[in-house]
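There are 2 protein chains.
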Amino acid sequence: MKIYRESIRLHKNIKGKLELKPRVDIKNNLDLSLVYTPGVAGPCKLIAEKPDRVYDLTSKANTIMVVSDGSRVLGLGNIGELAVLPVLEGKAVIFKLFADINAIPISLNVKEPDEIINTITAIAPSFSGVNLEDIEKPKCFIIESELQKKLDIPVFHDDQHGTAIAVLAALLNSLKIIGKKISDIRIVILGAGAAGISVAKYAYTAGCKNIIVCDSKGIIHQGRSDLDPQKKEILRITNREGLEGGFENALKGADVVIGLSTIPNLLKPAHIKLMGKTPVVFALTNPIPEITPIKAKKAGAKIVATGRSDFPNQINNSLVFPGIFRGALDVRASQINMEMKMAAVKALSSSVPENALSEEFIIPSMMDKNIVFRIACEVAKTAVQTGVARLRKTPKYSFD
Amino acid sequence: MKIYRESIRLHKNIKGKLELKPRVDIKNNLDLSLVYTPGVAGPCKLIAEKPDRVYDLTSKANTIMVVSDGSRVLGLGNIGELAVLPVLEGKAVIFKLFADINAIPISLNVKEPDEIINTITAIAPSFSGVNLEDIEKPKCFIIESELQKKLDIPVFHDDQHGTAIAVLAALLNSLKIIGKKISDIRIVILGAGAAGISVAKYAYTAGCKNIIVCDSKGIIHQGRSDLDPQKKEILRITNREGLEGGFENALKGADVVIGLSTIPNLLKPAHIKLMGKTPVVFALTNPIPEITPIKAKKAGAKIVATGRSDFPNQINNSLVFPGIFRGALDVRASQINMEMKMAAVKALSSSVPENALSEEFIIPSMMDKNIVFRIACEVAKTAVQTGVARLRKTPKYSFD
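One line per chain: the protein sequences are D and Z, in this order. At position 54 of the first sequence the residue is numbered 54 (the numbering used here), and the sequence of numbers has no breaks. At position 399 of the second sequence the residue is numbered 399 (the numbering used here), and the sequence of numbers has no breaks.
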């Protein structure tokens, strides 16, 4: 694909998307003796006496790790710890440019959940947050929850939460347009990976009572003997009617379909026609969605979103992770709890003013730099309110 | 101390000496799609097919870790993994400003050698080198040698080698001035820590046959029952006469004394007077040396060096580590072998031209930015010659 070739060319030209820049200069021996030995013993001793001073005297307060074992990279699968590096570096570029956070790429050549947990725990001291990235399920779930128990800094698996927060924000805005309540609708989710499972949980938390998740074998229901623990668990909050069969069965009369299947062109016009009135179609597989917006609209979809920047309504986790971490770091949160995640949903959805909302504008653009600070502001406030912030004062964020 | 207070003030003002800077900008959706998804899948796929391309397409080629468990920080001892951070960041500042290397501070809250080795191995994929820092002995020795066996990137414990290389370079130049041969002299080393042990090994490798190492109990000799394995091992190349007693006994008639004791003012004028003709005194404990240059000179020392920038002849490992890693990274060396270390000694000592050599100028200034590239040049060449370089061509270094 052309965009792959162009990206390779860009990466070859710059030879590494990141570099570490000093915030001090060394012009003479005095500078050297303050930045390094012997003067540096001063800050070292102070931190040894009062560990909290590490936040004033080092880069820790504004540094997180973006960490992966390369086991589930984009739609490319288990391509390993070297091949995931361009993703980790790309994410670090976004963290810095959008939220002024130092995000260090850490790539792991251990693959067992225990080893991953131990390694991340061992290197945690210089970081104030952990962004887990591109780790396959089910281990991504275990790693996130075990790490969060062990560490007193936020642990956030972006492939689950970043995506789900962006989807839910876009969904809430779509419902405003079509005049439906989340408690009344049926949502069909295509794909039971980390993102699909997570979107189901978030939609449930937001009040949806009728969610059907489908995997490659069709609807996930109690009668299936081939379900892994995560799929079994998700049945506690989905498919209460006990629907069976292919995903087409779920689509009959559905209000919303959310494609996270990684299967290009999975949805045909006939599928959209099975849905209820004013169908909402999120076809989020990249780079080729489950159905193109043109086809979906032609088949009757009222609102269509994709993961792509060349169509309206791009749903992308890049809208979420910079602001979430900015807010969490600013109040030294020990975790990013569900309340903070839901605050991010609200901040993101409300950043499109009601009078600007339209079928082609249900979610703001990545290029709107206000979004980060709107999200950060709500996340920081909620962290303080829910008692997981070490600082009680939220910074003053400025945005339009 | 004043310099501690000044350093604390500097650290408070800048709030972290480091930040991660993108080398690309994101101005629009196209930029975003090349730096991150979906375009970034291009470089990812290419690396998955040809792992060596990771060096062209990511920051790995120019990134190392500066890693410590905080168990032996400066002269402050085991102050822990938070308190060591200002040192690691200071070192990273020097790596970048002097050698354009990205050095990521990694601080460990595991303390057992096995855990440290496993952790560093697990996070190695995104790095091209490991600078071990401020780790107490004896584990520093085990960790370095075991890690170098496991990893195909250089592992370098700077407290051993950086110091020893700078000391040996200064010593060779001192001998030129006083007209003695290294094979004829007696060297007394005060301190049997990582640096002291390492200086003894380097002096032996350079041809010295009469080395006496002393610890807090006096001369290290065969008759002592309190020696740890490292001290026992160093006896194979030191104290062949079987000298016993306090360090004063060793100083009688000695040509060179090298203070690495961490004990301020350990050496009295009377000690210097015990030495042979034209005594060479390296009093390297920081910030207060074993003896001040003025006192040492008054007691008869011909040449005096310290670790301090406010006296002539500052011996500092900062002269060494930037150039060593620059050279190793430039040819993608898999290790920094003894030949490369000795090439660094030669490059450093010869960077003071013979006609400029004097009692007050045995080693160049840290502020001479040529040093890095002189060392890098010799280290890279030697890596190629000794077969540990993955690239066969050394870059063209420019220096005066």
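Quick caveat, the hints were computed from the structure, so don't treat them as lab data. Among the clues, some could well be false.
You can't tell identical chains apart in this list, so a pair holds if it fits in one copy or across any two.
In silico EDC-like cross-links for lysine to aspartate or glutamate, where the CA-CA straight-line distance does not exceed 20 angstroms [unchecked claim]:
hint, residue 1, residue 2
1, K12, D56
2, K12, D100
3, K50, E6
4, K176, E360
5, K96, E19
6, K12, D52
7, K139, D215
8, K139, E6
9, K150, E112
10, K27, E6
11, K15, E354
12, K111, D25
13, K96, D152
14, K21, D100
15, K217, D52
16, K273, E359
17, K15, D31
18, K12, E248
19, K295, D400
20, K150, E115
21, K12, D184
22, K381, E339
What hints, given by number in increasing order, does this structure fail?
8, 11, 12, 13, 15, 18, 19 and 21
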